[in-house]
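K.L.:
Given next are the chains, with one letter for each unit.
There are 2 protein chains.
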Amino acid sequence: MKENIADKLLECIDKKVNPCIVGLDPALEQIPEHLKKSKDRNSFETVRDVIIEFNKLIINAVEDIVPAVKIQTAFYEAYGSRGMEALEETIRYAKNKGLIVIEDAKRNDIGNTAKAYAEGHLGKVSLIDGTLKPSLDVDMITVNPYLGSDSIEPFIEACKEYEKGIFILAKTSNKSSREIQNKTTKKGKTIYETVAQYIDKAGKDMIGKRGYSAIGAVVGATYPREAKKLRKQMPNTIFLVPGYGAQGGKAKDITHCFNSDGYGAIISSSRGIIFAYKEEPYKSMFCPEEFYMASRKAAKDMSIDIIKNLEKQNKLPKGW
Amino acid sequence: MKENIADKLLECIDKKVNPCIVGLDPALEQIPEHLKKSKDRNSFETVRDVIIEFNKLIINAVEDIVPAVKIQTAFYEAYGSRGMEALEETIRYAKNKGLIVIEDAKRNDIGNTAKAYAEGHLGKVSLIDGTLKPSLDVDMITVNPYLGSDSIEPFIEACKEYEKGIFILAKTSNKSSREIQNKTTKKGKTIYETVAQYIDKAGKDMIGKRGYSAIGAVVGATYPREAKKLRKQMPNTIFLVPGYGAQGGKAKDITHCFNSDGYGAIISSSRGIIFAYKEEPYKSMFCPEEFYMASRKAAKDMSIDIIKNLEKQNKLPKGW
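Chains as they are written, first to last, in this note's numbering: chain D, 1021 to 1340; chain G, 1021 to 1340.
Hints were generated in silico from the structure; no laboratory data involved. Some clues are possibly wrong.
Below, computed lysine to aspartate or glutamate pairings styled on DMTMM-like, alpha-carbon distance capped at 25 angstroms [said to hold, decoys possible]:
1) D:Lys1135 / G:Glu1108
2) D:Lys1135 / G:Glu1065
3) D:Lys1338 / D:Glu1299
4) D:Lys1153 / G:Asp1281
Generate the whole structure from the sequences, applying the supplied hints.
P.N.:
Written out as structure tokens, the structure reads:
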């Protein structure tokens, strides 16, 4: 069996002894004021520079704690090409630190267009003279399944060719996710279970040395009952689990997302970590200029919380 | 009743006497060779410049024929920040020509993140000093419904605030679209009908002077039976109809997407128009250096084809 991106991810998880990752969602209004003291406070270039500086300080503060970062594309793309420069620089910086980079872009489209997304984000793009060059070059990306399997296949092809991975949205963490995802078909299966069945099947020939596939699933921390079912349905699938903390997901519920071997899930928190300096108990412990130290502490606390609950359920990986 | 983006779109359709639009999907390998004679054939900057030149020539050739262009974000985004510069320049250029600009980005996410997408693409973004500035600033954008209504609301808010519009994916033109979209729930309704019901309801308080809402639907030209049903279900909704030509959608089927007043649909073709110079009959009529003339002719032919079929079904708008 060939090593795949899931093996690399598990290796990073073991190295850091931590299945928790940090979401880089740099909402401008939440970034500490002292980073915004630029002279040119009215340009997209300054926004780019502020986001890059903020992200680098966060990455420096957590690089030895977390195995991966999840970059939420919307907060960069909102600022057009200058925002994309911040995205590119953040990706480069995080990869240089040895972190796995997951782009939460929730992309999808059909045929040629899906191929363009897959090549641009995961693979290589063709230049004028035909040279192939990596473009955004993240390790993994989130993919929306509404258009069906032919829209996902170009991403899977890119995963195979470039040893990358995807996380397909199965059951998302928001309240309205039930409106489509929990609809039950005539055959008694929900839409999210239909998607899970596809993920499990498509992942079967992409399983790495440690038993996990390069095709993951997004499963919200806020739906423990669904997570339990999905865990059984997709034994070889890594779950990307958003919704811890700010969105209300609790560690004791989240542990359902792990297999009995203690692997199979990465838990993501964004606001709760990167803007920890604004909330208690971190607000009393660190001044805004030490925001990254608050993030470091919050990332550690989250890891302890998850690991403690894994231990309670006898799911701690061997050797941790 | 206030004028909305649907009114503006219908005005453009009447002015051009044409419900057909051109999709700007500048797949690099299909762009004519004479536009690629740059010295620097190995950089992302050259790709940007070639895409911009290609698009401008196409826009110049069709600006008096079509009411709108549909820009497929993937082909730009694949080249990162330099690609986004091409997207921005194309948007600006098309808007300056008085064309309605529809961004086919199929975006979506939850809460704050959906808001970031909505503000970045349709509305205004906040800079460091709190100034609000438009960023990508397209007129309308396509939105994926898999995450449910709370993920679509931030886009609807942006539509209200900035007089913009969205097209929500209902039934897409690809083969696998049935896998999720055609699943029938216990209540006997398909997923695409569930989405249609939401589109109809959410659009009711956003109807403009001419009876059409700012919330449109994507309905593939390749599924005439579904289109017929959806037309009845969403009387005030404009359909964005991809799939004509290259994907196999025929004009006589597509006319089901129009209401009896002759409005309610815009038909999009991308490859069939912008790369018409590569296919017969245009290949024999124009040399590659006249590729934009081939596109002009193809756009005219498409319009004639659709209008002829509207006429056959007694659906020609008054005064056309």
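K.L.:
For every hint, state whether the structure bears it out.
P.N.:
Hints, one by one, checked against the model:
Taking the CA atoms of lysine 1135 (chain D) and glutamate 1108 (chain G), the gap is about 22 angstroms. The hint holds against a cut of 25 angstroms. Only pairs whose Cα atoms come within 25 angstroms are accepted, and lysine 1135 (chain D) paired with glutamate 1065 (chain G) is accepted, the gap being roughly 21 angstroms. Restraint check: the Cα-Cα separation between lysine 1338 (chain D) and glutamate 1299 (chain D) comes to about 35 angstroms, which exceeds 25 angstroms; the hinted pair is violated. Annotation: proposed proximity of lysine 1153 (chain D) to aspartate 1281 (chain G) is violated, straight-line Cα distance about 50 angstroms (limit 25 angstroms).
In summary, the numbered hints that this structure violates are 3, 4.
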